Structure formats: C-alpha cells, structure tokens
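Undergrad: Letter by letter, the chains look like this.
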Amino acid sequence: MTSRHARQDMATVGRAITVALAGNPNCGKTTLFNALTGARQHVGNYPGVTVEKKEGDMLHQGCRIHVIDLPGTYSLTAHSPEELVARNVILEETPDLVVDVVDASNLERNLYLATQFMELGIPILLVLNMSDVAEARGHSIDVQRLAELFGVRIVRTVGHKSSGLGELKQAIVESTGGESRRAPASVRYGRHIEAELATLGAAIDASMVVPGSCSARWLAVKLLEEDSVVAEQIRHDARDPDAILEAAEAARTRLARELGDDAEILIADRRYGFISGACQEAVRSTVEARHTMSDRIDLVMTHRVLSIPIFFGLMYVVFKLTFAVGAPFMGWIEALFAWLGDVIAQVWPEGSAALLRSLVTGGIIGGVGGVLVFLPNILLLFLAIAILEDSGYMARAAFIMDRFMHKIGLHGKSFIPMLIGFGCTVPAIMATRTLENRRDRLTTMLVAPLMSCGARLPIYALIIPAFFPQAWHARMLWLIYFIGIALAVVCAKLLRGTVFKGETEPFVMELPPYRLPTLRGIVVHMWERGWLYVKKAGTVILGVSIVMWALATFPRKTEFERDYDAEIAAVHALALGPDAVAERIAVLEQARQAEMLAHTVAGRIGGAMAPVIRPLGFDWRIGTALVGAFAAKEVFVAQMGIVYAVGEADEGSAALRDRLRENYTPLQAFCIMLFCLISAPCMATVAVTRRESNSWKWALLQFAGLTAIAYIITLLVYQVGTLAGIGT
Amino acid sequence: MQTVDMPVMTDPTSFPLPMLNAGEAACVSRILPCGQGLARKLTAMGLSPGAKVTVLNGRGGPLLLRVGECRIAVGLGMAQRVMVKLCKT
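For the record, the sequence lines run as chains A and B.
For what it's worth, our numbering labels the leading residue of the first sequence as 1, then goes sequentially.
For what it's worth, our numbering labels the leading residue of the second sequence as 1, then goes sequentially.
Simulated from the structure, these hints should not be mistaken for lab results.
Note that the structure is a prediction, hence the values are computed from the model and not measured.
One or more of the hints may lead you astray.
On the chain B side, residues computed to face chain A include the following (Cβ under 10 Å) [unchecked claim]:
| hint | residue |
| --- | --- |
| 1 | ALA44 |
| 2 | MET45 |
| 3 | GLY50 |
| 4 | GLY58 |
| 5 | GLY68 |
| 6 | GLU69 |
| 7 | CYS70 |
| 8 | LEU76 |
| 9 | LEU86 |
Every beta carbon over 12 Å from chain B, so not counted as near; a handful from chain A, in silico [stated by the list, open to error]:
| hint | residue |
| --- | --- |
| 10 | GLY121 |
| 11 | PRO211 |
| 12 | ILE265 |
| 13 | ALA268 |
| 14 | VAL508 |
| 15 | PRO512 |
Far from chain A, by Cβ distances over 10 Å, these chain B residues were calculated [stated by the list, open to error]:
| hint | residue |
| --- | --- |
| 16 | THR13 |
| 17 | PRO16 |
| 18 | PRO18 |
| 19 | MET19 |
| 20 | GLU24 |
| 21 | CYS27 |
| 22 | CYS34 |
| 23 | ASN57 |
| 24 | PRO62 |
| 25 | VAL67 |
| 26 | LYS85 |
| 27 | CYS87 |
| 28 | LYS88 |
Here a beta-carbon is modelled for each residue, glycine too, at the ideal position from N, C-alpha and C.
Model the full structure from these sequences, guided by the hints.
TA: If you want it as structure tokens, here you go:
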C-alpha cells in the first residue's frame, strides 16, 4: 500500500511549475493571488522599471508552483511599462502556464487580453472570476461552450469567497502535466490581413530564429500594429531587418488602401468580433443592460454639484477619525515608552556606563519612540484609504478631483498619492506609479512632500501647545496643513509651467463597480503601506537617532569656562529657600550643558550655521536640531530635548515646552514649524524619489528645491512678522 | 519617397462623443489618432469600433461612460476624439 502511494506521489512530487497570473485591472486578480499564495509571497521590482514584481509560492499535489502576479493590463501593446513587463515576463521567463483572470461580469472586454495571450502561443487557462456578479446581473455563461469556442480550459471562481480555488489549483497542475493540450483557437483577421500575415510571417521565419516563447505569426501581427518593441527586436535579431520592416510598412499601406482603415484598428476590430461571436453563442443575458446599484450610487457620488461637498465631507470624516480614534492608542504607546524609560532609569544605576544609558534613553527611546507614537494615526489613515480604495470610491474621488487638479497642471490620479502623503511621504511617492505620464508623475513626486506627513506631527505637537492658547490649537494645526497644500498647488503650477511644460495626460480611468471591502483585503492593503513607515522607523530613524546622539555628545568637554561645581556649592551655602536654590542650580546646570553641547560636533555645526539661519529667527540650538531633522524629521523633537538638556524628551515633555517658551517668541516658534513643514521630510523620501524617478537629478532637485523654498518663505515670514510686531 | 495618402474613412454621420446628452447612447465609429497610444488603450478598455457607449453624466468636466459592463471616465479633450454615430437598431 505504501509503495503504491509512494509511486503515485513520485509521479508529481517535486515538480516545479511556473505560472503567470494575468488579467485586467480590477478583475479580482490580487484577491486570487493572495488566496493562492497566502503569506508565501514577496514583492520586489523589475530591474530598470518601477513596476512591482509580485511573486508567491504554493503547493498542490506535491508540485511546487511559483506564481508571478503580472501587473493588471488591458492588452499587450508596447505602450506602458506594465504591458511591457507582462509581455517580457512571458517571453523571457517562459512560464509553463498563463492563468488569465477574467471578470465574468465584464466578459467581452476582459477577453480582449485573453485573445492576445492565445495569439502568443503560450498555454493558457482562463479563470472566470466574479461569476456570482455575472449571474446576479442576469448573464448566464455556458462555460463548456465558451471553452470549446476559445479552445482553452476555463475554471469558474468567486474570488472573494474562495470558491473554485481547489478546482483552479487542480487545473493548474493538470494543464502543465504534459498531456496533449488542445491548441487555443486563433483569431482570423480576414482574407486580406491573413494574406499579409502569411507573407510577413514567412519572411520573419526565414530571417531570424524566432524565440520559442512566441511565433512568427505573432511577430507579424505586432509589426502590422506598429509595435515599436517588436520592431526593435527585429532590427536586433533578424538577418535582414530592413527588408522585413519595409515589407511591414508596405503591408500596412496596402491594407489601409484596400480596407480603408489602419491595420491596427482592423485587427482590434476583428479580435472583438471573434469575442463577440463567441459570447453570442455562449452567453445568455436575460436582462437588458440596466442601471446597476453602482450606477445609482454614482448618480449621487459623481453629481456635478453634490459630489464636492460629499467628497470634502468624507475627507473630513477620515481625518477626524484618524486623530480621534487614534488618540487613545497614541496614549498607550506614549505610556509604554515612558514606562520603558523609567524602568531603564531604575534598573540602570546612575554613573555606570552613563554614556550608553544616555544613548538608550535619549537617543533610542526618544528618537524611535517619538516616531512610533504616531503609528496608530498613520495606520488609521492608511486603513481609511484602503477602505476608500477597495470600495471603489477612490476612483470616483480621482474623477471628481480631476477638474481641479487639471487647473493646476496635475492629473486627477495625482490626488491619491497626495492623500497618502498625509500619512507618510514614502508610500505616497510609490503611489505615483499609477500616473502614466512621466511629467505628471514627476510633478506629483516633487510636491508630495508638502503634504504634511505624520513625521512632522511630533514637531507641531511640541510647539503648538507650548506657544499658543488652547483655543487656537486646532486652528494652528489646520493652518499649517493648509499652507502645505496651498504651497503644493503653487509649486505644481510653477513646475508645469517651466520644467515640466507640456500637455497633461488625458484623463482615462476605469471606475470599478462599488464593492463591499473585505476585512482581510483592507487590512492587507493598510499594512502594505503602514509597514513602510514602521520599517523606516526601525532603520533610518533608529540609525539617525544614534548618529545624532553621538554628534551631540562627543567630543566631551572636561574643562569648562566656569567652575560649575564650585558655583553650585556656593549656591547651597547661601541661605535661600529650597525653590530658589533649585532654580539657581538649574540655571547653572543649563549653562554647563550648553557649554558641553557647544563643544560637540552637532553644537559646532549649529554654531557654524547660526549666521545663516539667524535671519529666520533661529539660533544655533535650532540649527543643531535641524541638522538631525534633515535626515529625518521626527528626530527634531528628540534633538531639541538634547540641546536643552532635558534628557529623554518627547513632544509631551512639559519641561521642554517650558524651555522653549523661555527662549523663543511665538513668531519664532511658528517659523520653526513653517521651516519643518516645507523643507524636505527625510532621507527616506529622497531615496525613494530617486528610485521611483530612476535618477538622482529629481531627488536632489526635490531636496534642494524644498529646502530653498523653506528658507525663503521662513525668512519672509520672520522678517515681516518682526517688522509688523506680530507674535514677538 | 512618394508619400501615400491614406484614405481616412470620413463618415459624415459620425460626431464627437461629448455631443451626446446624459443618458443617450451611440456606437463607436472610430477614435481619432492622438499621442501616446491612447486610442489603443481606449480600444483595449472596451471602446472598440461598433461598441455601444452611453454617456452617464451631464456636460462639463470628464465624461462618465458605460461601455458594455464597464464604467469608464474620460477627460473632455480625449472624449472629443472619440467619433460615434447613432446605432443601427
């Protein structure tokens, strides 16, 4: 018995299969991918392009199946990085099978992509996803007949309910099992085009070695469609490229003359004709196309007048929720770090390894703690965005915002990265991938940091309560955010008028039907972005905090200008009340700390910067803090704590607030916030900008530009404010 | 080199998409060429020759279209290049 099972298993054990998962955007491909691969997936990048590479693994019947989740595409032309990636994965990595996920409720359009895979000649398996929606809409699909007409195997699934998964896995294993597969049907393009294809195909075959993953016919079709990438390939690989390319050009001209239209249009037309014919046979629709529930909701959501207040209302709710609901959690984390600080203070006796202790409490707990406190806030924002995206509203928001974005030279789709930017700039810049036009994309990337991110919140939380009365707190915060947005608008317009002059990409976007988001979906979605924030905290912030701590501690001064110990003893000798004594000692200690600090690297840098930043109202201490903040904004607060020798400071530290109040005017405080708002957020932003724009030029422009604008504006505000006597 | 004039099928009965009112439908005749392969993309998204397209929203700003089972939003400039004509019933 054991041996029979063993033999059965031997037939399939260890077989490695590679599957490419393809489909239109919004077809439920990602849900299916998650269901198939579960936690065993990872995201990377395709070299040279900023298209995400998502891969995962699964096991079925002893076979190890590697799944590559191709980017969602409508077709396989050479026109967008996503399509090229999808195409190249198939041509270069030659997967054993393409699993094309088709939205059954939108069958004909989804099958357009399928016909192109079929033409490539690669083995293909169709997945009819969302078949429940199709049925609800009154479409009844004869899967058997459709499979016959297309010559492919079809599996039905309902992605978000995980039904049909087992059958899909089985089909994948069987389809790559090596038994004779039926060849998929081939779209016939009509007498004239077929004749041209035959000639062209033969010429290609004669002139080059056609890669195994495609066919001469496919190359010929692409040439008729004026595919630039295939033309390049021909130039590169064929023995006589010019002859072939000229023949293709001649063929196109002939077809245009004979059939009255571009070959490309004719080919597209025939493809749809094939699909339409097959669907007429295999699909019965009982109800005429009618207004669906989605459409009814859209009547309100995209209404010319109503949509704007609804939109702003939703945005208000989102932000209110993130701050309100997040507050208790923030309190817990604050308490946790405070407790941690206390524990260390108790357990770690004074004096022993004092430096290390100071590092841990001031540098690490202060720096990293300050960042993680805002994690609940940020996660809630990303959760809200995930809900808006998964429900389908986000696409409507981009549609509504397009009217305004257009006026400042941006694209409706720029709205989403900007919204994400209020949480963290790093995922915001990554979200610009949805912008196909490079100019639109770069403009959005450069102004995204002006959306005041979560990292700056500790700074505002420190300064606003210290300098402004309670009633003004909310207003001041809104003012800062608003300045950021207004500045972004101005900068975008400026950039579009100068560096990125040109037409905005026309707005073309599919609006997916409204859907009830699944809990799992939104949590995964939220965590994809939230993780970046945490990772940044754990790596960059931690690193920078340690470095800054070191810079602000070394070199240590041992000989002082004044003999502090003697002066402190003298104070004790005076017959003063305990409060007065404590006060004077505090002043002396502060002076000592100041001298020590001025001696350190950070202090010296701050001192050197002082003349430059004095016109802004900043002194060397702020300069020192800004040095650290250049690397990561969150560090600013901890740095201020260090320069004011308050030890482990966070934005809730009353002691630090008092010190600030003693030393600065409200105008100066406002200028600090202004400068922090506008200047480049953090090194992580620069790094991700470089990666997403594929050049250092834009990352440096972003950094330098923002810093310069910050300087100029803060300068103006401070000088004008001082002259006018506001807040001094 | 002799340039061959490609006879573009000018259909006197076709008109640009934005001329439709909210709720009206027409069939796609052809999409005028525009840069960046957008005509191709629209075709791949469902606006193929002969496809029935219904305008869902009112004038001004991007158009919301129903094509088959999909809803596509198209900016006005782009929509101007989609030539449609009344469907043969």
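Undergrad: Work down the list of hints and note, for each, if the structure agrees.
TA: How the hints compare with the structure:
Because the smallest distance between the Cβ of ALA44(B) and any Cβ of chain A comes to about 4 Å, under 10 Å, the interface hint for this residue holds. A distance limit of 10 Å between C-beta atoms decides the matter here; for MET45(B) the minimum to chain A is near 5 Å, and the interface restraint holds. The criterion of a C-beta within 10 Å of any C-beta in chain A is met by GLY50(B), whose closest approach is roughly 7 Å, and the hint holds. Given the 10 Å rule on beta carbons, the hint for GLY58(B) holds: about 6 Å separates it from the nearest Cβ of chain A.
Proximity of GLY68(B) to chain A holds as hinted, the smallest CB-CB distance being about 6 Å (cut-off 10 Å). With a least beta-carbon distance of about 4 Å to chain A, the hint placing GLU69(B) at the interface is held under the 10 Å criterion. Checking CYS70(B) against chain A by beta carbon gives a least distance of about 5 Å; that is within 10 Å, so the hint holds. For LEU76(B), the interface hint holds, since its Cβ comes within 10 Å of a Cβ in chain A; the closest pair sits about 9 Å apart.
A least Cβ separation of about 17 Å between LEU86(B) and chain A goes past the 10 Å threshold, and the interface hint is therefore violated. With 12 Å as the threshold on Cβ separation, the claim that GLY121(A) sits away from chain B holds: the shortest Cβ distance comes to roughly 20 Å. The Cβ of PRO211(A) lies farther than 12 Å from every Cβ of chain B, with a closest approach of about 24 Å, so its non-interface assignment holds. Remark: the non-interface label on ILE265(A) conflicts with the geometry, its nearest Cβ contact in chain B lying 7 Å away (cut-off 12 Å).
For ALA268(A), the shortest C-beta to C-beta distance to chain B comes to about 5 Å, within the 12 Å cut-off, and the non-interface label is violated. With a minimum CB-CB distance of about 5 Å to chain B, VAL508(A) fails to clear the 12 Å threshold, and the non-interface call is violated. Chain B draws PRO512(A) into its interface by the beta-carbon criterion, the shortest separation being 8 Å against a cut-off of 12 Å. Here THR13(B) stays apart from chain A, with its beta-carbon at least about 15 Å from theirs, past the 10 Å limit.
Against the 10 Å criterion, PRO16(B) stays outside the reach of chain A, whose nearest CB is about 14 Å from its own CB. The Cβ of PRO18(B) lies farther than 10 Å from every Cβ of chain A, with a closest approach of about 13 Å, so its non-interface assignment holds. Residue placement check: MET19(B) keeps its beta carbon more than 10 Å from all beta carbons of chain A (closest about 18 Å). Every beta carbon of chain A lies more than 10 Å from that of GLU24(B), the smallest distance being close to 14 Å; the non-interface claim holds.
CYS27(B), annotated as away from the interface, keeps every beta carbon of chain A farther than 10 Å; the closest lies near 12 Å. Against the 10 Å criterion, CYS34(B) falls within the reach of chain A, whose nearest CB is about 8 Å from its own CB. Not every CB of chain A lies more than 10 Å from the CB of ASN57(B), the least distance being 6 Å, so the non-interface label is violated. Under the 10 Å C-beta cut-off, the non-interface status given to PRO62(B) relative to chain A is violated; the minimum distance is some 5 Å.
The claim that VAL67(B) lies off the interface is violated: its Cβ sits roughly 7 Å from the closest Cβ of chain A, which falls inside the 10 Å cut-off. With a minimum CB-CB distance of about 15 Å to chain A, LYS85(B) clears the 10 Å threshold, and the non-interface call stands. Every CB of chain A lies more than 10 Å from the CB of CYS87(B), the least distance being 13 Å, so the non-interface label holds. Against chain A, the non-interface label of LYS88(B) holds: every CB pair exceeds 10 Å, the least being about 15 Å.
Hints 9, 12, 13, 14, 15, 22, 23, 24 and 25 from the earlier list are contradicted by this structure; the remaining hints agree with it.
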